[in-house]
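Peer 1: Sequence:
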Amino acid sequence: APEITSVAVLHSSGDGGSDSSARVATVRRACSVAAGKCSVLITSYEMMRIQASLLLAQRWQYIVLDEGHKIRNPDAEVTLVAKRFNTSHRLILTGAPIQNRLNELWSLFDFVFPGPAGTFRFISLDRGGGARGEVVHAP
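Residue 1 is where the sequence shown starts when you use the numbering used here, and the numbers rise one by one after that.
These aren't lab readings, by the way, just hints derived from the structure by calculation. Any given hint could be a false lead.
Using C-beta positions, here's what the derived DEER-type ranges look like [stated by the list, open to error]:
#1 Glu67 to Ser32: 27 to 33 Å
#2 Arg29 to Gln99: 37 to 43 Å
#3 Glu77 to Asp19: 20 to 26 Å
#4 Glu46 to Asn86: 17 to 23 Å
Positions of the beta carbon are idealized from the N, C-alpha and C atoms, including for glycine.
From just these sequences and the hints, can you work out the full model?
Peer 2: See below:
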């Protein structure tokens with residue numbers, strides 16, 4: 001197992017607070033470690049959204065989302081940012097139940113396994129007043 005050499009916090013009240021150069025340095029420190037070692041970068045969903053260009057420019061070994069239900073809305077900006085991370089390993093931790101909405105479940109699966117889940121589209125049905133979701137695999 002790799003040795004964890006440092007844990008950095010990228011948050012408005014953490015090491016990489018309000019100073020832009022400090023944020024860049026925090027991310028670069030976390031991403032530039034020797035082979036066989038690793039660093040951990042902890043941030044919030046809001047900081048991830050705000051600092052998307054800085055974070056998405058890096059290659060990550062793992063992305064772990066706690067409170068994963070926060071990306072269950074497939075159209076939310078934070079969801080779209082989370083799905084763009086350059087990584088091969090994705091994990092979601094959540095204790096929140098899915099609210100019987102197919103698009104929420106699809107959004108979580110699409111983060112963990114991007115692509116194979118197809119694309120989601122919402123279809124409104126005229127008869128019966130109901131609506132349903134459908135997963136469509138793009139050609």
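Peer 1: Determine which of the earlier numbered hints do not hold for this structure and return their numbers in increasing order.
Peer 2: Checked against the structure, no hint fails, so every one of them is satisfied.
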